[in-house]
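Using the hints, position chain V against chain W.
Heads up: the sequence lines are chains W and V, in that order. As numbered in our numbering, residues 99 to 314 make up the first sequence, in order. As numbered in our numbering, residues 99 to 314 make up the second sequence, in order.
It should be emphasised that the hints constitute simulated quantities derived from the structure, not laboratory data. Do not take every clue at face value.
Said to hold, decoys possible - In silico EDC-like cross-links for lysine to aspartate or glutamate, where the CA-CA straight-line distance does not exceed 16 Å: (1) K204/V to D179/V; (2) K197/W to D264/W; (3) K104/V to E120/W; (4) K104/V to E102/W; (5) K197/V to E120/V; (6) K295/W to E149/V; (7) K295/V to D264/V; (8) K197/V to D112/V; (9) K104/W to E267/W; (10) K197/W to E102/W; (11) K104/W to D188/V; (12) K204/W to D179/W; (13) K197/V to E184/V; (14) K295/V to E149/V; (15) K104/W to E149/V; (16) K295/V to E267/W; (17) K197/W to E184/W; (18) K295/W to D264/W.
As the list claims (entries may be wrong) - Here are some chain V residues the structure puts well away from chain W; computed CB gaps all over 12 Å: (19) E117; (20) K262; (21) E298; (22) A305.
The C-beta atom is built at its ideal place from N, Cα and C for all residues, glycine as well.
Here are the chains, one letter per residue:
Protein chains: 2
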Amino acid sequence: MRVELKRAIYAENDAQASEIHEGLRARSIFTVNVLGSPGAGKTSLITRLAERLGADAPLAVIEGDVASDIDTRALRALGIDAYQIETGGDCHLNAPMIKAILSRMKMDDGSWLFIENIGNLICPAEFVIGEDLKIVVASVAEGSDKPYKYPAAFARSAAVVLTKPDLAEAVGFDEGFFRSGLASVAPKAPIFPLNGKTGEGAEPLAAWLREARHSA
Amino acid sequence: MRVELKRAIYAENDAQASEIHEGLRARSIFTVNVLGSPGAGKTSLITRLAERLGADAPLAVIEGDVASDIDTRALRALGIDAYQIETGGDCHLNAPMIKAILSRMKMDDGSWLFIENIGNLICPAEFVIGEDLKIVVASVAEGSDKPYKYPAAFARSAAVVLTKPDLAEAVGFDEGFFRSGLASVAPKAPIFPLNGKTGEGAEPLAAWLREARHSA
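Here chain W stands alone, though its shape is the one from the complex (with noise of 0.2 Å):
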């Protein structure tokens, strides 16, 4: 009985995460969907990509937060163009949401969406939400074993952002460890370091994205 429910919830969200995307897609809308953990550092990494892709194209983006609008109001401050999402509650973003919030936004075409998931590193991994591609941000604070833990995230996502390098030393984090879980789930994702504080390492992966973009 749940089974079938959790199936029906599903197939509902699937069907509308296709129309989303593919409403996104004709105005030549790339979406980011970025998961993480609480405190990880997926702000701050979105603050370093619309710092360089804003550059580029129009850039917006969606928080989400079980509550609280502390995120939204941070990247509004920094002039970023932001929308809040605040599930009261639910562990994770679904498509019914993304549809309702973008009809509420004035994006242009060809803008950048990054989509902030809400913090948890499992049930937002479940759900596409119209998204392009996911993103996964750990931070070294979080430990070396986060990709045996939280498989699907890992395993969902097109590429890993590994924030507060700087703090690897301090907390004693294994690389190697971290590397070796990562490739039995996900053995095509690249790993990009990103300092949040002062942005370095943000090239690299913004490089990276206007790639995906590119060749999407």
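This is chain V only, laid out in the frame that chain W set:
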């Protein structure tokens, strides 16, 4: 329909959780449900408490993970009596999972029982699983805004453990902002700083747990 199903799931879970709790209380077992993000330091916390509380009374641990038994093996290597629940995708532990594993565990009367929930600040807060109390573990590396963004996990926890305090300066952790957020959702919850690497800070938390158990 979904709301009704959710209510039915909660009701079924809560009834089983009450039954579990009564059974554990009858055996003088005190049960702590440990919440926190991926990589917050839940296993290190349990290890540090086991060193201290395990001297008073027998102690057992249930480890919840979406995938892998890395933590259970690490705890067993330290001589801690640990049992694994692998949810295979589920984002939280529930009472039926606990009931099933308890039936296979040989715990002495009077034990401490620590249950490490799935690394997730959202879903685990919604479920009671037979515990006497919840505690939530948050790393300073996750940032100072977590009580604002994930209010339920903090509101439903009797105490907050603030881990990796040695990184506070490097990450610019704003303790005042964290405390204000916590005060708005959990005004009575004490905060215990804990360095999981050195064990510094574990003794005050152990003392608080002994007191909580004594007055339960």
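Going through the hints against the structure:
| no. | hint | verdict |
| --- | --- | --- |
| 1 | K204/V to D179/V | 10 Å, holds |
| 2 | K197/W to D264/W | 38 Å, violated |
| 3 | K104/V to E120/W | 32 Å, violated |
| 4 | K104/V to E102/W | 15 Å, holds |
| 5 | K197/V to E120/V | 12 Å, holds |
| 6 | K295/W to E149/V | 37 Å, violated |
| 7 | K295/V to D264/V | 10 Å, holds |
| 8 | K197/V to D112/V | 12 Å, holds |
| 9 | K104/W to E267/W | 42 Å, violated |
| 10 | K197/W to E102/W | 24 Å, violated |
| 11 | K104/W to D188/V | 12 Å, holds |
| 12 | K204/W to D179/W | 10 Å, holds |
| 13 | K197/V to E184/V | 14 Å, holds |
| 14 | K295/V to E149/V | 13 Å, holds |
| 15 | K104/W to E149/V | 42 Å, violated |
| 16 | K295/V to E267/W | 13 Å, holds |
| 17 | K197/W to E184/W | 14 Å, holds |
| 18 | K295/W to D264/W | 10 Å, holds |
| 19 | E117 | 21 Å, holds |
| 20 | K262 | 7 Å, violated |
| 21 | E298 | 15 Å, holds |
| 22 | A305 | 27 Å, holds |
Hint compliance for this structure: hints 2, 3, 6, 9, 10, 15 and 20 are broken, all remaining hints hold.
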